[in-house]
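Student: The chain contents come next:
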Amino acid sequence: MMLGAWTLMASLLLCALPVLAQDMAPAEDAAPQDSLDRALTQLLNQIVPGEILSAPEKVSLEDTPSDAGTSIDVAWHISASESIIPGSVVKYHVMRAESPDSEFVRVGTVPAGTASYSDDGTEPGKPYWYKVKAVGVDSETASEACGPGYSRMQWFDRNRWNVLVFTLLTCFLVIIFIEIAKRSKGETFLRRLPVFDAIDEAIGRATEMGKDVLYIMGGLDVDDPQTVASMNILARVAERTASYGTKLNIPCIWPMAMSMARETVKESYLRMGRPDEYNEDDIYYLTTDQFGYVAGVDGIMMRDRPAANFYLGAFYAESLVFAETGYATGAIQIAGTAEIDQLPFFVVACDYTLIGEELYAAGASLSGDPIQMGSIRGQDAAKAIFFVLIVVGVILKLAGIDAIEEWLSIG
Amino acid sequence: MDFIEKIGRLDRRIIFLTVALAVILPLFFPLGLPIEVTPPVQQLYDVIEGLSEGSVVMMSIDYDPSGAPELQPATLSILRHCFRRDLKVLMLGLWAPGVPLGVQALDEVGVGEFNREYGVDFVNFGYKPGGAVTLVNLGRDIHDVCRQDIYGTSVEELPMMDDVKAANDIGLVLSMSMGVPGSDQWIWYYHARYQGNLATAQTAIGAPRYYQYLQTGQLVGLVGGMKGSAEYERLVDHMGLATTGMDSQSVAHLLIIGFVILGNIVYWAEKRRKA
Amino acid sequence: MRLQIPLAIILIMGLFTIVTSFVPAKPIADLNQTFRNWYIGIITFFIFLGTFNLVRVNGERIKTKARDWQYSIILIAALGVMLFAGFFKGRASLDEGSPFMYLYFNVQFPLEATMYSLLAFFVTSASFRAFRARNTQALVLLLAAVLIMLGRVPVGTSIWKGFPDVTEWIMSYPNAAAKRGIRLGIDLGLISMALRMILGIERSYMQ
Amino acid sequence: MLMTTGPWVWVAGLLTLAIYSFLYKDNPVYKMAEYIFVGLSAGYWAAFLWWNYAYPNLFEPLAQGNYWNIIPIAMGLMMFTQLSRRTSWMVRFPLTFVLGVSLGLQIVAAVEGDMVPQLAGTFSPFTRGAMFNTYDFWTSVGYIVLLVGVLTTITYFFFSKEHKGILGVSSKIGIYFLMVAFGASFGYTIMARISLLFGRLHFLLSDWMHVLK
Numbered sequence: 001m002m003l004g005a006w007t008l009m010a011s012l013l014l015c016a017l018p019v020l021a022q023d024m025a026p027a028e029d030a031a032p033q034d035s036l037d038r039a040l041t042q043l044l045n046q047i048v049p050g051e052i053l054s055a056p057e058k059v060s061l062e063d064t065p066s067d068a069g070t071s072i073d074v075a076w077h078i079s080a081s082e083s084i085i086p087g088s089v090v091k092y093h094v095m096r097a098e099s100p101d102s103e104f105v106r107v108g109t110v111p112a113g114t115a116s117y118s119d120d121g122t123e124p125g126k127p128y129w130y131k132v133k134a135v136g137v138d139s140e141t142a143s144e145a146c147g148p149g150y151s152r153m154q155w156f157d158r159n160r161w162n163v164l165v166f167t168l169l170t171c172f173l174v175i176i177f178i179e180i181a182k183r184s185k186g187e188t189f190l191r192r193l194p195v196f197d198a199i200d201e202a203i204g205r206a207t208e209m210g211k212d213v214l215y216i217m218g219g220l221d222v223d224d225p226q227t228v229a230s231m232n233i234l235a236r237v238a239e240r241t242a243s244y245g246t247k248l249n250i251p252c253i254w255p256m257a258m259s260m261a262r263e264t265v266k267e268s269y270l271r272m273g274r275p276d277e278y279n280e281d282d283i284y285y286l287t288t289d290q291f292g293y294v295a296g297v298d299g300i301m302m303r304d305r306p307a308a309n310f311y312l313g314a315f316y317a318e319s320l321v322f323a324e325t326g327y328a329t330g331a332i333q334i335a336g337t338a339e340i341d342q343l344p345f346f347v348v349a350c351d352y353t354l355i356g357e358e359l360y361a362a363g364a365s366l367s368g369d370p371i372q373m374g375s376i377r378g379q380d381a382a383k384a385i386f387f388v389l390i391v392v393g394v395i396l397k398l399a400g401i402d403a404i405e406e407w408l409s410i411g
Numbered sequence: 001m002d003f004i005e006k007i008g009r010l011d012r013r014i015i016f017l018t019v020a021l022a023v024i025l026p027l028f029f030p031l032g033l034p035i036e037v038t039p040p041v042q043q044l045y046d047v048i049e050g051l052s053e054g055s056v057v058m059m060s061i062d063y064d065p066s067g068a069p070e071l072q073p074a075t076l077s078i079l080r081h082c083f084r085r086d087l088k089v090l091m092l093g094l095w096a097p098g099v100p101l102g103v104q105a106l107d108e109v110g111v112g113e114f115n116r117e118y119g120v121d122f123v124n125f126g127y128k129p130g131g132a133v134t135l136v137n138l139g140r141d142i143h144d145v146c147r148q149d150i151y152g153t154s155v156e157e158l159p160m161m162d163d164v165k166a167a168n169d170i171g172l173v174l175s176m177s178m179g180v181p182g183s184d185q186w187i188w189y190y191h192a193r194y195q196g197n198l199a200t201a202q203t204a205i206g207a208p209r210y211y212q213y214l215q216t217g218q219l220v221g222l223v224g225g226m227k228g229s230a231e232y233e234r235l236v237d238h239m240g241l242a243t244t245g246m247d248s249q250s251v252a253h254l255l256i257i258g259f260v261i262l263g264n265i266v267y268w269a270e271k272r273r274k275a
Numbered sequence: 001m002r003l004q005i006p007l008a009i010i011l012i013m014g015l016f017t018i019v020t021s022f023v024p025a026k027p028i029a030d031l032n033q034t035f036r037n038w039y040i041g042i043i044t045f046f047i048f049l050g051t052f053n054l055v056r057v058n059g060e061r062i063k064t065k066a067r068d069w070q071y072s073i074i075l076i077a078a079l080g081v082m083l084f085a086g087f088f089k090g091r092a093s094l095d096e097g098s099p100f101m102y103l104y105f106n107v108q109f110p111l112e113a114t115m116y117s118l119l120a121f122f123v124t125s126a127s128f129r130a131f132r133a134r135n136t137q138a139l140v141l142l143l144a145a146v147l148i149m150l151g152r153v154p155v156g157t158s159i160w161k162g163f164p165d166v167t168e169w170i171m172s173y174p175n176a177a178a179k180r181g182i183r184l185g186i187d188l189g190l191i192s193m194a195l196r197m198i199l200g201i202e203r204s205y206m207q
Numbered sequence: 001m002l003m004t005t006g007p008w009v010w011v012a013g014l015l016t017l018a019i020y021s022f023l024y025k026d027n028p029v030y031k032m033a034e035y036i037f038v039g040l041s042a043g044y045w046a047a048f049l050w051w052n053y054a055y056p057n058l059f060e061p062l063a064q065g066n067y068w069n070i071i072p073i074a075m076g077l078m079m080f081t082q083l084s085r086r087t088s089w090m091v092r093f094p095l096t097f098v099l100g101v102s103l104g105l106q107i108v109a110a111v112e113g114d115m116v117p118q119l120a121g122t123f124s125p126f127t128r129g130a131m132f133n134t135y136d137f138w139t140s141v142g143y144i145v146l147l148v149g150v151l152t153t154i155t156y157f158f159f160s161k162e163h164k165g166i167l168g169v170s171s172k173i174g175i176y177f178l179m180v181a182f183g184a185s186f187g188y189t190i191m192a193r194i195s196l197l198f199g200r201l202h203f204l205l206s207d208w209m210h211v212l213k
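Going down the list, the protein sequences come from chains Y, W, U and A.
In this text, residue positions in the first sequence follow my numbering: the first is 1, and each later residue adds one.
In this text, residue positions in the second sequence follow my numbering: the first is 1, and each later residue adds one.
In this text, residue positions in the third sequence follow my numbering: the first is 1, and each later residue adds one.
In this text, residue positions in the fourth sequence follow my numbering: the first is 1, and each later residue adds one.
Don't read these hints as lab results, they were simulated from the structure.
One or more of the hints may lead you astray.
[Stated by the list, open to error] Pairs of lysine-lysine residues, derived as DSS-like cross-links and limited to a Cα-Cα distance of at most 27 Å, are as follows:
hint, chain 1, residue 1, chain 2, residue 2
1, Y, 133, W, 6
2, W, 165, Y, 211
3, U, 65, A, 25
4, W, 6, W, 274
Treat the numbers as computed from the prediction; the structure is a model and nothing was measured.
Let the hints inform the model, and build the full structure from the sequences given.
Tutor: See the structure below:
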């Protein structure tokens, strides 16, 4: 088959020579090779359209690196017909068999001009033979069989060194700093955020005015980190309201969050020695429907006109309605969320806003819990490393060294 | 000074009324202002132009009726572009309430305008629960996640899916997204693991957050809000609701800017008086 | 037992998922895929549970004649109608032109879209009443907002041709920079919280 | 559109007005519309979840002999034990399984989806020569602004040290970046809010009232 194709090619070339000689004269600008191609195309189209495809050559097999062991990379040199007459090959079929003599089945197709294919339907450790078939308009020619090729399982994805290093780094930093914080027994330092004063001020004002404090802990349930952070802040807010004797009003969107809030507030009142002041009915379940909840809270704000509103946790579209209504009722508003999309509305309409990570840090700092404070310090250490990495990265890039960037590229 | 005080205490229902009017009036008296195409939208258009014929575009409908005014026009325009370029479309969605919107769009464009055949030129696998976790599985094995299409047909019986098995058989992933799960999950759990082209159409709420991913190349295009949809309508030269809406947007934006200025005048006037 | 086994589950599943994220070998990857399929299966029941809870809570309200209990009847009726429409013809209940789809397009769709459209009024009102240049920071915020508002609508382009370019520049650089900073912080917060939960240090969610 | 002109459009139109009545004040008509919505959407989710996932991926394979699916189904059913105080501890099994898988994935995804590419993206534009030759002026300035912005906002989120001295200056600049970003987002998002209103008003005026063509 192969031999036949080549003989045909050679004889065609011979026939073409006189035509070539004629054709070359007028085409002054074109390189000789171009005219040769053109002439050949002309000729081939006249005599035997698409009959003379030469097969792809030098098929080679290799195990796909860093994969499940279910893929073999097949590579070949494109059919000579294609390099001489672009367009003569339409596509390549990649064919596979489990022995050189058995029937080859098509496993994939790539467009003309492509010289490789990853066959990801193999079983690890099994031998496979491949042929690549060039497909023209109305003819096709297959290469000789190549094999055996094996796909092998890899136990580590070498492309993901960078991800592994960063994962381990951040995790270790958090764990180490938690341990340090546990050992230093309350000596861990975290910056005092301005919001702490704002909390005191807001509750103080509510007390003076004889009005309620409203606390909203976001739209997600207790398994969301933001809700957990909110609970930590709630514990401090409840301590203040307990000592001032101010009513703390908490409408809840989730039943589980409600019981968690009740526990938290009750403990705070006990700690401050005011268990008699604690009223379970002030912490109640409203509804889980987002807009029903919004309408309910809106009603509370308009009716009771609380003097201090807290919105801490995960918020979505409701952030705008709360902040706007609260502003209109003249309450001091303190907000905080890690939902980036909602931050602008809080920043615009509230007196203090905890931005992203600040929500976690405020909770940790107020709780005084060494585990939480240690985590925040671990996160800070990671940020310091990021800072240095970026600066070093810029310097290296400007010096013409791309090593860090290449190492950090994904995939 | 009484006037300032009066404005300061403006009933919010009057404000509400002015917004409604700002949106309604341009519907009756269109301004027909020209729409300029911005780079993030042009970028997506160019990527789709660059895909070879027969490539598969995976479109994820990650929105619900409240995202429809902004995202449905983008979905329609992008589908028009895909079918015009003879690309195949694989549709699914991470939000259940978006599925009928996807069906509607495929009916209108794929069947209605381009006369494409279901199962050969496009397929729809409907709602996929599990968000992030589903996407990890999807990139590895599409047939495992999409066992049946929305009509209950097995994936094996859909001719288009014969060669579409994993992430590397997909030419472009489009997440039409308005929240979680959505583009965040596509970036984190799909693109980070399987690479390839990923683009997103966002409501104007989420869009500002995705410029950072555009810069790193994790996204190859960003259609932001109704304006982005209108830009895409212009690119495929098929004006729709987003283009109509731009006049209302123009007037409403001017109104809001006016309110911001007015509010600040009141604020400063009151502050001066108190001082 | 009631605490130890769940803590063991979260530890094993968490560590397994992290470690095997780096292992491409087929048996492990397949096992991972199976676990993830189980995850999706369990999550499905979360949503079914939500539906069930809705019925329970509202049934309770009707029974005890709690405030606004009449609305609960409407809710349960609506749920019943939709469930019937979604199941009475088997899978074909969801086909185009079915009662289910009529309910979706003509009841559910307008209700949801309208509810969210209320926010247009609130954002205007907020712009008027709350958006004040109280200090330099607020002034910067306000100027950026006004600039972008003009850059995002065609009328801005009619006023000055440069608005869209300035808008794109602000979005692509200073905006992206700040969002990246916030995002990195949140990611770290997320990782440390996730790690503490996996290691069983943080267990407040198990009350 | 699947809609017919006729009774269904009237239903949609009247429900739209019912919701808008909230703008005047909270009232029974609004409440009724809201409860209908909650009921319908719960039913909608259940139906879609069943036909698009639970039936083809969980129960049908089980019926065909894939008995492994008993595990997720059993764990899923355990979720219902939270309805009773006495059995509610059993929720912990499915809950911790789900959390284990998703938290593990989240940790890795945060690193490979955000951290690594976002850090690299901050310094990768600073290719030697490109800063002053390849990019146009405003792009070069943009990349420098991006770099300064990322570094200063990172310092703003630094909690273990007082913001004094260099750290104080840096975090102060960071605040301004945050304010520009929030302002820009606020301005950008106005469009989303107006779009929804436009969508509904357009529906009322064209599909329902036929005032518009």
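Student: State for each hint whether it applies.
Tutor: Hint check:
1. In summary, the hint linking residue 133(Y) to residue 6(W) is not supported, as the alpha carbons are separated by about 83 Å, beyond the 27 Å threshold.
2. Between residue 165(W) and residue 211(Y) the CA atoms are separated by roughly 62 Å; this puts the pair beyond 27 Å, and the hint is violated.
3. About 25 Å separates the Cα atoms of residue 65(U) and residue 25(A), which keeps this hinted pair within 27 Å; it holds.
4. Restraint check: the Cα-Cα separation between residue 6(W) and residue 274(W) comes to about 16 Å, which is no more than 27 Å; the hinted pair holds.
Going through the hint list in order, the structure does not satisfy hints 1, 2.
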